[in-house]
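If you read the protein sequences in the order shown, they are chains A and B.
Just add 17 to wherever you are in the first sequence, counting from 1, and you've got this note's numbering.
Just add 3 to wherever you are in the second sequence, counting from 1, and you've got this note's numbering.
Derived by calculation from the structure, the hints in this document are not laboratory data.
Hints are supplied without guarantee of correctness; some may be wrong.
[To be verified] Have a look at the derived ranges for each label pair, beta carbon to beta carbon:
1. B:Arg32 <-> A:Pro193: 58 to 66 Å
2. A:Arg233 <-> B:Gln115: 57 to 65 Å
3. B:Pro44 <-> A:Val379: 26 to 34 Å
4. A:Leu376 <-> B:Pro108: 17 to 25 Å
5. B:Arg71 <-> A:Thr400: 28 to 36 Å
6. B:Ala302 <-> A:Gly173: 52 to 60 Å
7. B:Asp341 <-> A:Ser155: 54 to 62 Å
8. A:Glu29 <-> B:Gly107: 32 to 40 Å
9. B:Phe15 <-> A:Val405: 21 to 29 Å
[Said to hold, decoys possible] Facing chain A, a subset of chain B residues (Cβ under 7 Å, in silico):
10. Pro49
11. Ala51
12. Ala85
13. Arg120
14. Ala121
15. Thr129
16. Val340
[What the hints assert, rightly or not] If the Cβ cut is set under 8 Å, some of the chain A residues that face chain B in the computed set are:
17. Met18
18. Val66
19. Val204
20. Leu370
21. Asp371
22. Asp375
23. Val379
24. Ala385
25. Ser389
26. Ala393
27. Asp397
28. Val398
29. Val417
30. Arg420
31. Glu423
32. Gly427
The beta-carbon is built from N, C-alpha and C at its ideal position, and this holds for glycine as well.
Here's the letter readout for the chains.
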Amino acid sequence: MKVAYYSPFPPERSGIADYSALLFPALQQRLDVSAVRRGARRPPRGTDVSLYHVGNNPDAHTWIVDALRRRPGVVVLHDFVLHHLVAGMTLGRGDADDYLDAMHRDAGTVGRLLAHGVVDKLLPPIWEERAQDFPLASVVLDRADALICHSRYVEGLARQYGYDGPISVLPMPAWPPVDVSGTRRLVPEGDAPVLTCVGYLNAAKRVPQLLEAFGRLRETIPDVRLVLAGSAAADVRLDSQTLSEGVLRLDHLEEDELWRLLADSDVCVSLRWPTMGETSGMAIRALTVGTPLVVSDVGWFSELPDAVAVKVPVDELEVETLVATLERLVSDAALRARMSAAAADYARQEHDLDRVADLYVVALEEGAGGTSVQDAVLHDVATAAGEVGFDMNDPVLGDVADRAREVGLGN
Amino acid sequence: MRIAVCAPQVPFERGGTEILAETLASRLRDRGHEVEEVKVPFKWYPEARALSEALIWRMLDLEEAQNRPIDLVIATKFPSYAIRHPNKVVWLVHQFRQAYELDGPEFGQFGQAPFERATVRALHRTDRMVLGEARRLFAISNNVADRLERSTGLGAEVLPPPPKQLPFRSSEDRGEFFLSVGRLDRAKRVDMLLEAAALDESLRVVVAGEGPDRERLERLSGKHGLNGRVDFTGRVSDDELVDLYARSRAVFYAPFDEDFGFVPYEAFLSEKPVVTTRDAGGPLEVVVDRQNGLVCEPAPAAIAEALSWLATNLDEARAYGAAGKRTAERITWDAVVDRLLGS
């Protein structure tokens, strides 16, 4: 089976580009798969199935969704909320009508009215404030023969959205750990516990809440440190006035520095709200090196085993819970050791690259057929039913549909 | 108890599974149970027909008959284990092999087209669902159990079936030939035996059985000039089979990754050593190299060497046959019935 692979790749800088840099070679060992050049209008000759990696960034994914619109295929849904992508593909191209239509398709007349408000600049852009309320996922769901996603959460959202094709929930592949023995240490030597938050630092990563919790944690554990590593978004202020004592601010890290930092950390904090249905490559890296996680109890993060991640609900007690959670982890070395061992085991078993690549092959082979196999079997049934005087809408045949579901034919 | 023993039936074919189901039913009746053999004709091609056949089994209602409950169903192989019953026990002979270990260019039914790959995956999904719901899962060999676990994650207890109950014996009137028994299809690899015979002019071979590969094998025999040293008997009666086993020097049985295979047991009960290959699967669970037979590489030269060694080392060959008999006699129907009924 010949597969055309649509994705951003390095040197583009995105989590999905990194993901594909990892996954693609493993798939090449298993399938006849070729990467489609960015902007190509057609897949390679002889392609049986196209695999589209779709995320929320219009710069990285518009050309991929354009290709999906020309030819349906299997979609890897890295984010469920695609409002920002759709806005880029429509308003970003000066096509307000398409944006209105997308909002109408997902949210009816109210959606269209809101979209008018945005287009006419009477309302702030929805993608900046309330994207999660209007995911606009139909743009890909309508053209997907099958979906691959990384959480039951996204699977559930797709089903709620009315998607009735095959969905495979696969673990995200884990990077093999990098040897960091020769990499310089970024945090000071010593026994002081180190908490780390790495990535694009924005309000959705709950950075303000983390900073507040850290300040309170310092009252009881004065030597604890917090490393904030990564570029900062405009919606958070990370300067000397807002950062309390004990916070170490690092900008861009090279890959080996990132691994070293995670390995030297006692706890990795990976909070999120709102969630766009995304996974976190940084959380997976932390698990790989056996660093205990503190995450928000939402979306994909909720599905991590309790043995490797402490989950903090996003509610009015979020900061208090976070303080208590960090205090417990920082002061209980035995607990951290147990979580560390469990994290490394979990990453090795669940997120192993070869395992994920094998599961991709299964998902692609299932998905490439779409509903054709089910249709072939039901055609047999319909033919037999027709020959004895039934049509497929006869209620008597409801039993056939139930039995078909029981053997995996039909949703 | 009222028990339904379920097995697919390929029309006009009769092989190990049919015999297994019939004998099981008979042994259950001997214990005083009311037993019905349920057979549905099986056709696995073209395309996704195998899945339609699974659905046919699923549509059957074996929960009761004439307003009396059927207490237990024992299903044997794909697609009979798709049957729906609250007390389903599966004694797995094999899954639909074309979708598993035989999936590939050499033995497979399915190619690389998206529809065909999707059909294979749909078959896997069906297996996970309908085998996963069984109250107990047994497999006829470690090989079958391992494959099941690899493909579905489901564990099965290994429960080997006894061979056909025939008056197997060893004859002092030994023939000069090596015997191959079984259905003639490519996966049984009788061609390797013929190629071996072509390499050693002293080897004589009797091929007992019928199947779709017979014509090709006969052509191969002719091509190598083996006429006179290789006999194709076609299907033989039970008496003829017992006699062939009794008079053979040794038995060759080297299918590719076979589930189980009664042939080594029948050979052992006839006190004959078995020659098999390292990739034969199920037979390797009973044939132990230089204890009750020879295990060699799956190559004609290695097979020729093994057969020739047995032809010249008669004492060892006799000792291997005797050791094999002791192994085969340990597998009994009483033990099988006890475990299937959970006692």
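Does the closest beta carbon of chain A sit nearer than 7 Å to the beta carbon of threonine 129 of chain B?
At about 5 Å, which falls below the 7 Å cut-off, the nearest Cβ of chain A leaves the hint on threonine 129 of chain B intact, so it holds.
Hint validation: glycine 427 of chain A versus chain B, beta carbon distance must be below 8 Å. Holds or violated?
violated, 10 Å
So does arginine 233 of chain A sit 57 to 65 Å from glutamine 115 of chain B, Cβ to Cβ?
Cβ of arginine 233 of chain A to Cβ of glutamine 115 of chain B: about 60 Å, so the range 57 to 65 Å holds.
Was the hint right that valine 204 of chain A lines chain B, CB cutoff 8 Å?
Valine 204 of chain A check fails; min Cβ-Cβ to chain B is 42 Å, beyond 8 Å.
Can we keep the arginine 120 of chain B interface hint, with Cβ of chain A closer than 7 Å?
holds, 4 Å
Does the beta carbon distance between phenylalanine 15 of chain B and valine 405 of chain A stay inside 21 to 29 Å, or does it fall outside?
holds, 26 Å
Hint check: 8 Å Cβ-Cβ cutoff, serine 389 of chain A to chain B:
holds, 5 Å
Taking the closest Cβ pair, is leucine 370 of chain A under 8 Å from chain B?
Where the cut-off is 8 Å and the nearest Cβ of chain B is about 19 Å from leucine 370 of chain A, the hint is violated.
Could one say that the CB atoms of glutamate 29 of chain A and glycine 107 of chain B fall in the range 32 to 40 Å?
Since glutamate 29 of chain A and glycine 107 of chain B have Cβ atoms about 37 Å apart, the given range 32 to 40 Å holds.
Go through the hint on proline 49 of chain B and say holds or violated, using the shortest Cβ distance to chain A against 7 Å.
Because about 10 Å separates proline 49 of chain B from the closest Cβ in chain A, which is outside the 7 Å limit, the hint is violated.
Answer holds if the nearest beta-carbon of chain B is closer than 8 Å to that of glutamate 423 of chain A; otherwise answer violated.
holds, 6 Å
With 8 Å as the cut and Cβ atoms as the points, is alanine 393 of chain A at the interface with chain B?
holds, 4 Å
In this structure, the earlier hints numbered 10, 16, 19, 20, 21, 22 and 32 are contradicted, and the remaining ones agree with it.
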